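Chains A and B, in that order, are what the protein sequence lines are.
Heads up, the first sequence is in our numbering, so the first residue is 26 and it goes up one at a time.
Heads up, the second sequence is in our numbering, so the first residue is 26 and it goes up one at a time.
These are computed hints drawn from the structure, not numbers from a lab.
One should not assume that every hint holds.
The list treats identical chains as one, so a pair stands whether inside a single copy or across any two.
What the hints assert, rightly or not - Using 30 Å as the maximum straight-line C-alpha spacing, the simulated BS3-like pairs for lysine-lysine come out as follows: (1) K392 <-> K344; (2) K308 <-> K161; (3) K390 <-> K308; (4) K308 <-> K56; (5) K72 <-> K238; (6) K318 <-> K238; (7) K45 <-> K308; (8) K290 <-> K161; (9) K72 <-> K290; (10) K290 <-> K308; (11) K238 <-> K308; (12) K238 <-> K356; (13) K108 <-> K290; (14) K72 <-> K308; (15) K238 <-> K131; (16) K318 <-> K392; (17) K318 <-> K290; (18) K45 <-> K131; (19) K145 <-> K238.
Model, not experiment: these values are computed from the prediction.
This is what each chain is made of:
Number of protein chains: 2
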Amino acid sequence: MNDVRVGIIGVGSMGTQHAKYLSTKEITGAKLTAVFDQSEDHANWIKENICHEVAVFYDCEAFFQSGLIDAVIIATPHYDHSKYAIQAFNHGLHVLSEKPAGVYTKQVREMNEAASNSGKVYSMMYNQRTNPLYVKLRDLIHSGELGEIRRMNWLITNWYRSQSYYDSGGWRATWAGEGGGVLINQCPHQLDLWQWITGMMPTRMRAFCYFGKHRNIEVEDDVTAFAEYENGATGVFITSTGEAPGTNRLEIAGDQGKVVIEDGKLSFWRLRVPESQFNEEYKGGFGSPECWKCDIPVLGEETGHQGITQNFVDAIQSKTSLIAPGEEGIKGLMLSNAMQLSTWLDNWVDLPIDEDLYFQQLQAKIKSSTVEKKNKITRLDVKETH
Amino acid sequence: MNDVRVGIIGVGSMGTQHAKYLSTKEITGAKLTAVFDQSEDHANWIKENICHEVAVFYDCEAFFQSGLIDAVIIATPHYDHSKYAIQAFNHGLHVLSEKPAGVYTKQVREMNEAASNSGKVYSMMYNQRTNPLYVKLRDLIHSGELGEIRRMNWLITNWYRSQSYYDSGGWRATWAGEGGGVLINQCPHQLDLWQWITGMMPTRMRAFCYFGKHRNIEVEDDVTAFAEYENGATGVFITSTGEAPGTNRLEIAGDQGKVVIEDGKLSFWRLRVPESQFNEEYKGGFGSPECWKCDIPVLGEETGHQGITQNFVDAIQSKTSLIAPGEEGIKGLMLSNAMQLSTWLDNWVDLPIDEDLYFQQLQAKIKSSTVEKKNKITRLDVKETH
Numbered sequence: 026m027n028d029v030r031v032g033i034i035g036v037g038s039m040g041t042q043h044a045k046y047l048s049t050k051e052i053t054g055a056k057l058t059a060v061f062d063q064s065e066d067h068a069n070w071i072k073e074n075i076c077h078e079v080a081v082f083y084d085c086e087a088f089f090q091s092g093l094i095d096a097v098i099i100a101t102p103h104y105d106h107s108k109y110a111i112q113a114f115n116h117g118l119h120v121l122s123e124k125p126a127g128v129y130t131k132q133v134r135e136m137n138e139a140a141s142n143s144g145k146v147y148s149m150m151y152n153q154r155t156n157p158l159y160v161k162l163r164d165l166i167h168s169g170e171l172g173e174i175r176r177m178n179w180l181i182t183n184w185y186r187s188q189s190y191y192d193s194g195g196w197r198a199t200w201a202g203e204g205g206g207v208l209i210n211q212c213p214h215q216l217d218l219w220q221w222i223t224g225m226m227p228t229r230m231r232a233f234c235y236f237g238k239h240r241n242i243e244v245e246d247d248v249t250a251f252a253e254y255e256n257g258a259t260g261v262f263i264t265s266t267g268e269a270p271g272t273n274r275l276e277i278a279g280d281q282g283k284v285v286i287e288d289g290k291l292s293f294w295r296l297r298v299p300e301s302q303f304n305e306e307y308k309g310g311f312g313s314p315e316c317w318k319c320d321i322p323v324l325g326e327e328t329g330h331q332g333i334t335q336n337f338v339d340a341i342q343s344k345t346s347l348i349a350p351g352e353e354g355i356k357g358l359m360l361s362n363a364m365q366l367s368t369w370l371d372n373w374v375d376l377p378i379d380e381d382l383y384f385q386q387l388q389a390k391i392k393s394s395t396v397e398k399k400n401k402i403t404r405l406d407v408k409e410t411h
Numbered sequence: 026m027n028d029v030r031v032g033i034i035g036v037g038s039m040g041t042q043h044a045k046y047l048s049t050k051e052i053t054g055a056k057l058t059a060v061f062d063q064s065e066d067h068a069n070w071i072k073e074n075i076c077h078e079v080a081v082f083y084d085c086e087a088f089f090q091s092g093l094i095d096a097v098i099i100a101t102p103h104y105d106h107s108k109y110a111i112q113a114f115n116h117g118l119h120v121l122s123e124k125p126a127g128v129y130t131k132q133v134r135e136m137n138e139a140a141s142n143s144g145k146v147y148s149m150m151y152n153q154r155t156n157p158l159y160v161k162l163r164d165l166i167h168s169g170e171l172g173e174i175r176r177m178n179w180l181i182t183n184w185y186r187s188q189s190y191y192d193s194g195g196w197r198a199t200w201a202g203e204g205g206g207v208l209i210n211q212c213p214h215q216l217d218l219w220q221w222i223t224g225m226m227p228t229r230m231r232a233f234c235y236f237g238k239h240r241n242i243e244v245e246d247d248v249t250a251f252a253e254y255e256n257g258a259t260g261v262f263i264t265s266t267g268e269a270p271g272t273n274r275l276e277i278a279g280d281q282g283k284v285v286i287e288d289g290k291l292s293f294w295r296l297r298v299p300e301s302q303f304n305e306e307y308k309g310g311f312g313s314p315e316c317w318k319c320d321i322p323v324l325g326e327e328t329g330h331q332g333i334t335q336n337f338v339d340a341i342q343s344k345t346s347l348i349a350p351g352e353e354g355i356k357g358l359m360l361s362n363a364m365q366l367s368t369w370l371d372n373w374v375d376l377p378i379d380e381d382l383y384f385q386q387l388q389a390k391i392k393s394s395t396v397e398k399k400n401k402i403t404r405l406d407v408k409e410t411h
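Generate coordinates for the entire structure from the input sequences, incorporating the hints supplied.
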């Protein structure tokens, strides 16, 4: 079988990473054949430093019509994910997009439709779905071990970013450039995992985003969000880029106990009988269900970006099912959009959100933006992020 | 010096506890001389089973005018705390009241005024203030080790209560009997500690209480509350009586690191330089402040109810300063009232709250209550609670 010929769209910080592992043949059945970047410097840097054989394009149309590629990885600023994905599908190419799927759900819905019409393989770079801890937690929930979910609490405040980080890219942390802050740049993984692990999306949310609270930026850098679910469960999601050392602790409580992921460990407190059954049968005063703390084996390795790219290539070559199907990208983005919209309206928002209203509000933010950034773009080493 | 002669008002579950340790002379400088309970059975049970020498009263006025007591411990249902406290102060008696201070702040404000006018010793049974973990955390914060507080997150869901618990007392979990659920009965300690440890009260709150969500009761048994503070800090407080095994985890993040209390341990992650200073000086990409995990010694023992009662007696005899001055009781209650009020209004509430509005809303709940409980009152063994 021929290698899948992969082109990368956007070779800034993250696109460079993808170019590196593709050019060192870490992905079986794939080769890097072309890169496209509007910045000639960026594109040429890849050819000079990473992969001498790669074809370099500064023109998008020439890239798509080159005949050199079967599939693309999109690693541009977020606003352009859907634009390039739609073009790629229209050119009969398979698409793996960086997260988030886009900036607003209206745009991502169009991207999903283009994918569906094309019949091509469509995946999202949700590399945290390869983390064995989350895979195992999802397994416990979907197999019924935890019982019906009642509460989720994710404290994910370890996305520390300094002012100098924000100052390093002209498009960073602006309404026009990114369309958001910690929710759109740092948290898409957790927002995806939140719904993927549980299989549940809220029916409504009430969120409290703070814009430029810790840093001199116009977008949100601190968020507390409250979610209600159809079955009566509730959830809280808290994130910030302004705290050190920060915390990453996910707790999910169900009818049969609770699970906590923290410090790279999964702990399961299992009730001997479900809480609902205990409550029905118990006739005493202060008693509670017998509880066993269980050591749950968590096997396997996090395969990260390479894992998702390998899975994407395998799906193209042998119809392997996708770890992160592209059309699921809209879910995490819906949570992110809902949190911002709830804050702007200072009220509850029902899900699915009013996509037109969100789009209007976002446009208003872009219009009233007073940020004038120098167009300094630095290629950051991303090995310390996801 | 003569022993302080203590009378107990209300000898249900909790009052019985106080009678027990007083009659076994666990409190230096105090003796149990009288009990008053509207239930003759309850009052006589103490004389027959706990303390043969105690004088028993079923009539409140006779109790106050007996000349047998210098101080009272009030352990009635919550609504009556302020009523009896005011009467006691008017009779020139010292007062130690069970938590909560009362059901609504308007009532507690009157209680505080009566205390102030009397000049007598006035304390609140906040026995968790003797827990060395919280004492130490307060020390770290008040001495500036944590820096300015930015976020608090208290997940206190280990207040499991079965339906049979709620069915065991006629006044339990009703608007007329208790004036609330988990906030007014189980959580007063944490609500007090929250403000006592930090020395901070929110400027506004947005809360989500659920009434009778897990149990057949009319009051709240599940709460998520969001708080904003004057310095920009935020906080989340989550509680429930319907989850097992539940969690008790308090995290406080500041400019110089974070502290977590969980599983009876205090952990302090200390930044080498404050986050704000790091942010100002750092010029790189993904860096964050150097952080040291510190083992903090937590010494001493939790002296509990006896510790507070001993401190109360010591304050009467030798002007020792109080661990839990009575007039501070209104603060935790203000948080509780604010959470209910925010839910009822489905909106933000500013603090201090509109006390008249809260009172009106509470009266409306009492009026529209459809609960008709059997007047079955069981004396529960409280050794498993606080």
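Evaluation of the provided hints:
no.	hint	verdict
1	K392 <-> K344	neither (44 Å within a copy, 65 Å between copies)
2	K308 <-> K161	neither (36 Å within a copy, 39 Å between copies)
3	K390 <-> K308	between (57 Å within a copy, 29 Å between copies)
4	K308 <-> K56	neither (67 Å within a copy, 36 Å between copies)
5	K72 <-> K238	neither (40 Å within a copy, 61 Å between copies)
6	K318 <-> K238	between (40 Å within a copy, 26 Å between copies)
7	K45 <-> K308	between (64 Å within a copy, 26 Å between copies)
8	K290 <-> K161	both (11 Å within a copy, 28 Å between copies)
9	K72 <-> K290	neither (41 Å within a copy, 54 Å between copies)
10	K290 <-> K308	neither (36 Å within a copy, 33 Å between copies)
11	K238 <-> K308	between (51 Å within a copy, 20 Å between copies)
12	K238 <-> K356	both (27 Å within a copy, 28 Å between copies)
13	K108 <-> K290	neither (39 Å within a copy, 51 Å between copies)
14	K72 <-> K308	between (74 Å within a copy, 29 Å between copies)
15	K238 <-> K131	within (28 Å within a copy, 35 Å between copies)
16	K318 <-> K392	neither (54 Å within a copy, 45 Å between copies)
17	K318 <-> K290	both (13 Å within a copy, 18 Å between copies)
18	K45 <-> K131	neither (33 Å within a copy, 67 Å between copies)
19	K145 <-> K238	neither (42 Å within a copy, 46 Å between copies)
Comparing the model with each numbered hint stated earlier shows that hints 1, 2, 4, 5, 9, 10, 13, 16, 18, 19 do not hold.
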